[in-house]
Each structure stands twice: as C-alpha cells, then as structure tokens.
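Trainee: Model the full assembly from the supplied sequences, consistent with the hints where possible.
If you read the sequences in order, they're chains Y and U.
Per the numbering used here, the first sequence starts with residue 41, numbered consecutively.
Per the numbering used here, the second sequence starts with residue 207, numbered consecutively.
Bear in mind the hints are in silico, worked out from the structure with no lab data behind them.
Glycine included, each C-beta is placed from N, C-alpha and C at the ideal position.
Warning: the hint list may mix true and false statements.
Selected chain U positions facing chain Y (in silico; Cβ < 10 Å) [what the hints assert, rightly or not]: (1) V344; (2) L381; (3) L400.
Just the calculated beta-carbon pair ranges, DEER-fashion [what the hints assert, rightly or not]: (4) Y:I60 x U:S269: 49 to 57 Å; (5) U:T265 x Y:L529: 41 to 49 Å; (6) U:G258 x Y:V312: 41 to 49 Å; (7) Y:V306 x U:T266: 26 to 34 Å; (8) Y:P515 x U:V243: 46 to 54 Å; (9) Y:V312 x U:Q482: 36 to 44 Å; (10) U:A229 x Y:G84: 25 to 33 Å; (11) Y:W451 x U:I616: 36 to 44 Å; (12) U:V414 x Y:W521: 56 to 64 Å; (13) U:W213 x Y:T78: 50 to 58 Å.
Stretches of chain Y that chain U covers, calculated by requiring three or more beta carbons in the stretch to come under 8 Å of a beta carbon on chain U [stated by the list, open to error]: (14) 164-176; (15) 450-461.
The chain contents come next:
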Amino acid sequence: MAGAGFNAPHVDYAGIAPVIALTVGLVVILMSGVFETTRRWAPGLAVITLAAAAGLLIWKWGENLSLVAGALRVDDLAISISLIAIATAFAAILLSIRERAAEEAGYGEYYALLIGSVLGMVLLSEAENLVTFFVAIETLSIPLYILCATNLRREGSLESGLKYLIVGSLGSATLLYGMAFIYGGTGATDFAGIAHGIEVKGMLHDPLILIGIALAAVGLAFKTSIAPFHQWTPDVYQGAPTPITSFMAVATKAAAFAVFIRFFVVALGPEVGDWQMGLAILAAISIVVGNVGALTQNSLKRLLGYSGVAQAGYMLGGLVVASEKGVSSLVFYLAIYLFMNLAAFAVIVARERETPFGDDIRGVRGLGAERPALAAALTISMLALAGLPATAGFIGKLYLIEALVEGNYLWLAIFIVGGTMISLAYYLRVVAAMWMGPETEIGSATASAVGAPAGGPGSTPVISGASPEADPVDPEAGRRWYLVGPAVLAAGITVFFGVIPQPLVDFASHAGASLF
Amino acid sequence: MINALLWVPLAFGVVGFFLPRRAVGWWATAGAMVTLVLGVIMALGFENGAAGLQDTVNTTWISGLGVNYSLGIDGLNLFLVLLTALLWTGGIAFAAFRERDRPQLFFFLMLAAETGTLGSFLSQDLLLFVLFFDLMLVPFYFLFGAWGVDRTGEGGPTASRATLKMMIYTLIGSLLMLVGAIATAIISAHGGHLTFSIEAIQHQGVPVGSQRWIFWFFAAAFLVKMPAFLVHGWMPDTYKAAPLSTLVVFSGVLAKVGAYGFLRIVLPLFPQATAQFQTVILLLALGSILYGSVMAFTQTNLRLIAGYSSVAQLGFITIGIFTLRADGSDGAILQMVNHGLVVGAIFIIIGILVERSGTEDLRSMGGMAMRAPVFAALFLIVTMATLAMPGSANFIGEFYILNGLFEAKIVFAFIAISAVALAAYYALRLYIGTMHNRRPDGILSREISLRDGVVLAPLVLCILGLALYPQLILHRADPSVQQSVAAVTGSEGGGPQNSPSSSEEELAVSK
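Mentor: Put into structure tokens, the structure is as follows:
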C-alpha cells in the first residue's frame, strides 16, 4: 500500500488559519442566502469573515513560515498584500450597499463570490509552488468572471463578464504553458527548487526556461493589466458593477503583483539578467499606452482603467530592479493605490446613483458646488494619482524613482516622469469639471444641451446617449454615509500618508525585506 | 519660529473654512499679516554678515528614503521670504475688499499657496524643495481655473484650459527636477548613506559627468517657472486668465523661486556644469530680455505688458546670477526683491485701472490722472522704479548686475544695456497710455479709494525705502552669495576672484 511511502505533510493550522477563516466564511455566507430571513445578513457575515482573516494575518506579522510542505509561505510580503486585498474587499462591500447588482445576483452569492475571490488572493500572495500558484490564480479569477456579469439587466455587464472570462482564460492558459516549460526545464514545482534547478542543471539562459519565463510574464501581464496585454481592462472596468470594478482594480492587481514578485525574484532569481530588460520594456510600453489611452476617455471608469494600465507600468518598475527597495516601493505603491482608487470609485458610485449620466464625466460636473465633500475626495484622488505633492502619490513615485535610479534604470524613471506629465491632462480634466464650471468642456457637443446638473435631480435633464437603465436610483446617494465615508476617509488617508509617510514606508519595507 | 512662519498661513486658511463668508477675507488678511510679522521678527534676529544658515530646523522625515524636514534662513532667502509675506498680505487684502463666490475656498487656496512658496524658499533639503516647488503650483491651478477669466469671447482659451497649459508646462520642468534631485542624491552618496541635504551633497560632490545632464533637469524647472525666453509659452494665456489679486503674488514671487533655485541649488551642487553652460544660459537670458521688452511695448493688454516686462526683468536677474560673480549675484538678489515689489504694485494698479475703465486694453484707456493726483503719484513712483531711474533701488540692482557682466562677459553687457532703455520705453508707455492723454468716454477718473490706498501705499513705501537704503539687502545677502558663487569659481581653479574672503572660503570648500 502507498501508506508506507506517503507521508501526509505536516500542516501548521495556525499558519493557514486566515485561509480557513475565509473558506468557512464563504460557506456560511452561501448558506445564509438560502433562507429569506438570513439573506440580509450576508454583507455583515462577509465583513466578519474579512475581519477574522485580517486579524489572523496580522497575528502572523513578522514571521516567516513555510506551510503545507512548501506550497505556501506566510511572510510579510504575503501578509501585506493580503491585507490590501482584504481592505479593498471591505470597501467593495460598503460600496455594494443598495447596489442593484448585489440584489439581483442574490445576496448570498454576490458576497460569497467576493469572499471566494479574496480567498484566491490570499492564497496567491502566499503561493510558493507552481501548483498552488495556478490554483490560487483561478480561485481568484473565476468568481470575478461571474461578479462582473452580476448586473443582469445591463448588457454592458454581461459583455464585461464574458470578455473577462475569455481574455482571462487566455491569460491563464498562457501562464500554464509557461509553467510547463519551466517545470520541464528544472523538474521542480516549488519556487526554491526551480531556482536550484536552474543553477544546478545548467539551465541558465537555456531557451526552454527563457520561453517559459516569457510565457509566464505574458500571463501575469494579463492579470496585472500591463500593456500590450491590457485590452480587456477598460471594457471590463466599464461594464462591471462599479463596486466590483473598484475591487478588481486594486485587489487583483495587488495579488497578481505579489506572485509576480515572488515567482520572478525567488524562482527565477538566477535568470534576473534575462528578464529585467524585458519587464522594463513592458513597463515602458504600459506607461505610454495607458496614459495616452486615458486622454480621450469620457467614461470615468474607462479613464481609471487606462490610468490603471499606466500605474501598473509604474509599479512594474519596482519589480524590474529586483532589489529590496524596489519590492518595498511596489508594495508601498499598491497600498496607496488602494486609497487613491477607493476615493475615486466611491464618488463614481455615488454619482452613478444620483445622476442620469452613469459614470460619464458629465456626472461630476459642478460637483464642487453641489457636493463639496465628494468633490474634495475625488480631487485628492486625482491629484494623488497624478503624483502631486502633499499626497501619498508623490511619496509613492519618489520611492519608485529612487529604487529605479539606484538600480541603474534611470531611463525607466524618466518614462515614469514622462507618463506623469501626460497623465496630468486627463486627471486635471476631471478636477476641472468639478470645480471650474460647465463651460470647460468645449469638446463635447452635448455639453450645452445637457447643461449643468447643478439643478439637482429635481430638474429633468436630457438623457443623451445614456442607456435607459442609467436612471438615478437614489437621488440622495451623495449623502449616504456608506459612500461619503469611504470616499472622505480614503482621501484623508491619502493626504495623511503624503504628509506622514513613515508608518507606511516601514510597513512596505518589511514586505521588501522578507524576500531579500 | 521658522516652523511657525511656514505653517501659520495654512493654519489660518484651514480655520477660514469655518468662518462666515464676510469674515473670511479679513481673517485671511490677518493670517498673512501674522506671517509678515513673524518674518520681520526673524529678520530682526538675523545675524548680519554670517554666511551659514540660521534658525535651522532639521528632523528626519522619511528615514528609509533619506528625506529630512530641514529648513533654514540665510542671506539668499531672507528677503525673498519677507517679500513673499509682504506681497501675500497685499494680494489678500486687495482681494478681501472684493466680493467673490466661495470665498472660504479662495482664501484657503491663497494661504496654502503662501505656505508652499515659503516652504520652497526655506527648504534646505533637496527633496523638500522639489516637493514645495510643486506644491505651491497646485493652489494656483484652482485659483486661476475657478476664479479666472474665460477668454472665449476674444478667441482665447477658457480659464481652465489656460491653467492646464500652465500646469503641464511647469510640471514638465519640475518632474524632471524630481528625477534630477533623486539622481543627485544617489550619485553623490557613492553607495553610502543616502541624503538629500543640500549642504551634505555639496560636501560629497557630484561627478562632473553627471552634473552635465542633471544641470539641465534643474534648469528646465527653473527657466519654465520664471518664465524664460523659449519656454514662456504658458505665460500669456495664464496671465490673461488669472484673477488680478492672485497675479500680484504669482508674478511677484513665484517667478523668483526659479531664479532663487539657481543660486541655492544649481551653483553650489553643479559648479562645473554651471561654468560650462554659463554662455548658453546667458544667451537665453539675453533672449528673454530682448523678446520680453519688445513684446512689452507692442502688447496692448495691460496684463501682458506687465507679464512680458517680467520676462525681461527675470532675464536680467538670470544674467546677474550667471555672471558667476558675487557682485552680479548680489545685484540679482536685490533685483528679485525690487522687481517683486514693483510688479506686485503694478498688478494692484492694473486691478484698480481695470475697475475704473472696464477694459484691459491700453488703446481704450487714458486720462485717468485727471482727478486722481495721489493715485497718479503712486503709479509714477512705481513706474520710475520699473525703469530703474537713478536713485531707485532697481538702478542699484541693475548697476550691480551690469557691473558683474562687464567683468565677466563684456560683449553681453553691451546688449544687456540696451534693455535698460527698452524698459524705460515700455514702463512709460504703460503710464502715459493709462494716466495721460485724452480720457475716452465712460472711463472714470477717480481718486484711489482709501482701502486700495492702504494696500498700495505700503508697497510703494517699501520701494522708496529700498531706494534710500539698498545696503539693507546687499549687506545681508553678500556673505551667502559669496559662498554660492565661490563653489563655481573655486571649481574652475583660478577663476575670477572678487575678494580675499571668497578665496579663503573657496579653499575651505575645496577641502
């Protein structure tokens, strides 16, 4: 019998407690959806699940554990990225209150899928083996394919889900193909074994490995929406329900970057000379494509989608240099990216519900006079994404550029700066729409016909081009605590870390230190 | 003390949000005045004749990145700080008399801009400087865009388009400067402890090869900010869009930050590159002078006349710095203060003129002096100072600059001298065109109101005061200027020496 030869791996249950908590929560939430009375509890249960997982993760802060026979590793990088994903999910739950998509998809399923995706992210950030890596990336992706399509009454939402499914599967397949090459070359699936195999078996610069690296990089570039593998991003961002978009924009990116870092630095570390330049070129392309693409967008979600492509390019710079400072700066940027994006998405959700313009830029016109708190939050978010000082965005860019210059990638630092210049044009366009009156948009022909939405929901604005589903569902959305709260809080944190960045720098440098 | 000076304006601005509409203007004026008083107290405690920094604050801000919160006062920035505090008081008071919508936000932004500007003058950490340099621009983006004038009627851009152009122009410069600053720190650290302290970097030294490109990253930021010839493209639209009360400080102070940056950062940190590119910058500055002057006497919009004259004057100041001699740079510092006072006063006067006449076009103005002798007298004093009448402080400043230039590059001096004559032409044209000639219908000639007089008179008094005693600035600036310039002349090895003291310092620096 195999019993003699097969030893079940020792399982440190304390180490995988966060994963267990999320799994249990997922099941409970799914069950709660079955009964009419318990269905309302789903959001609350989801929050409790996330809080438990976060608490268990923080408990392990500072430790460095290898779990389940080397399948998972709990270190500060994994924990910090998991915390970012959990915080994003928490915000997405707040934004989903009274969201039509959440109601139509059945409360239980919507929140269970969300938790399922978080589970995948936590696993992915801990993954240290090709098998867990792939299982985790699918665990995080499949719930998202469904979540994108949960707004059943909107064509765009279904299209978004389908598109994400097809492109995402393509990305996964490419990644898997790459993994196969790497396994073939090294005969190992765990990351340390791969690194060892490359060195010992003389596979350094071997075409087999190089092809594997290229395919894996392409697969991960799909997930992190790095150009030229970003085409799905604007469409999916626009079509998905906005709370889900906000979740995808930050959490998926964070988790995918976590494994990107771990796979490339730990497993493919010996090949660093081969992949550095390739990734640097990808980063540069991403910066240019994202920023130029965002220039002409009128939909705020598309705009943030393209801006996300550009920001992914900036972040990739932190991985390119493959140094402790580089990884730290990447984690720092991901952390602040959470707050910068959250402030923007909370405002977009509020405006989607109270104006007939959906996520069009017209929806925020005159916001400075109408809803000063929301306008201030969106302004800070835009200025931070553009990297202006006194916001965390500036410190994030500073950190990245410092890492790049130290790693002798000055030219990529200049690309970041160049991209930032282009990005001002579209970020400031949003700011101008909020504060500088309706006449600023000379470009849009409908501007005069629509007029300022300052008349409020009481007046009957002309709907031009907007789909009929875009009726305001909640004319008071701009005053709801669960929308204004996250927006103002996220903007406040963005400014706070712009002025007192030290705590977050420490947080990020722990993550960087855990790999080197 | 220095912390209070820096943060008082912002604190007043934040509190202003909670005040009623009518009170907020006065509250903001009070905030600016408190800042001014703090500045004056600090100036009184300034130890004369010392070259080093005084009133320093130095604490670690972001330890992992080597950034310190480090402020200090010396001869280079003392009077620019005072100028900032004074002009902001004037600009805010001038605005406080006038109604506008969302006054809380307006005055908050004005005061935030003051903190940003003071910060960039006071910073002794390279990165802190870059941060404040960018930060001071952000409030102006909102001020110009939201309270500015749309020029769509005359085929021009809207206020928000004009300011977007300004933002992109100036941030292109300053983002490159950010990369330059980081590169400077990393290269000069030679793999050791990373620091952005200007003093420490100067001590460590930057290799000559790196200096050459970093020099241009910094120069780009500073030249755009001034603006200098060839990179002034944002200036006309912005000046036409901006509210006049904000132009008082924008034109009066922000342009000087660029010139100041050369003295504070470029000369000490990149001495070899400075010496190498001296001629290029001098040529650009000459271009600024000639182009600015010619544009100033062909334009008919009052704002643009003042704007282009600023381009010319800043060219002069740049020349003073790039004589790379102590007398030229002394003159440049004096001239920065002079020009700040003059152009601040001019924009207040333009504000009054525009209110009286309802137009900004010089051609449809005239005869304003008829019933306004006091106003005319104040304007005349300002005009005489602008054209550097002998006896004015501007004359002393230009004299020092030209003196330095004669010693350094005599050919340039002959061209630069022509600028003095050109200045007389455009300054007098502005005065005569508005105050004299026949008065067209519909233009009121009224004496300056008491409230505007209260704003304008102190500026004119300062102009007069400096005319009588320019040594006030020259004496205090000279030791620090010697130090900055010595960095360059020392590096050339046997460059022109100005005084025995500077060669001693040069030895100290080279050690």
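Trainee: Now look at each hint and say whether the structure bears it out.
Mentor: Outcome of the hint check:
1. V344: holds, 6 Å
2. L381: Status holds, d = 4 Å.
3. L400: holds, 8 Å
4. Y:I60 x U:S269: 49 to 57 Å: violated, 38 Å
5. U:T265 x Y:L529: 41 to 49 Å: Violated - the Cβ-Cβ distance for T265 of chain U and L529 of chain Y, about 28 Å, lies outside 41 to 49 Å.
6. U:G258 x Y:V312: 41 to 49 Å: holds, 46 Å
7. Y:V306 x U:T266: 26 to 34 Å: holds, 32 Å
8. Y:P515 x U:V243: 46 to 54 Å: holds, 50 Å
9. Y:V312 x U:Q482: 36 to 44 Å: Holds, since V312 of chain Y and Q482 of chain U (Cβ atoms, about 38 Å apart) stay within the stated range.
10. U:A229 x Y:G84: 25 to 33 Å: violated, 46 Å
11. Y:W451 x U:I616: 36 to 44 Å: holds, 42 Å
12. U:V414 x Y:W521: 56 to 64 Å: holds, 60 Å
13. U:W213 x Y:T78: 50 to 58 Å: With a Cβ separation near 53 Å, W213 of chain U and T78 of chain Y satisfy 50 to 58 Å, so the hint holds.
14. 164-176: With 0 residues closer than 8 Å to chain U, the region 164-176 of chain Y misses the three-residue bar; violated.
15. 450-461: With 6 residues in contact (Cβ-Cβ under 8 Å with chain U), the coverage given for the region 450-461 of chain Y holds.
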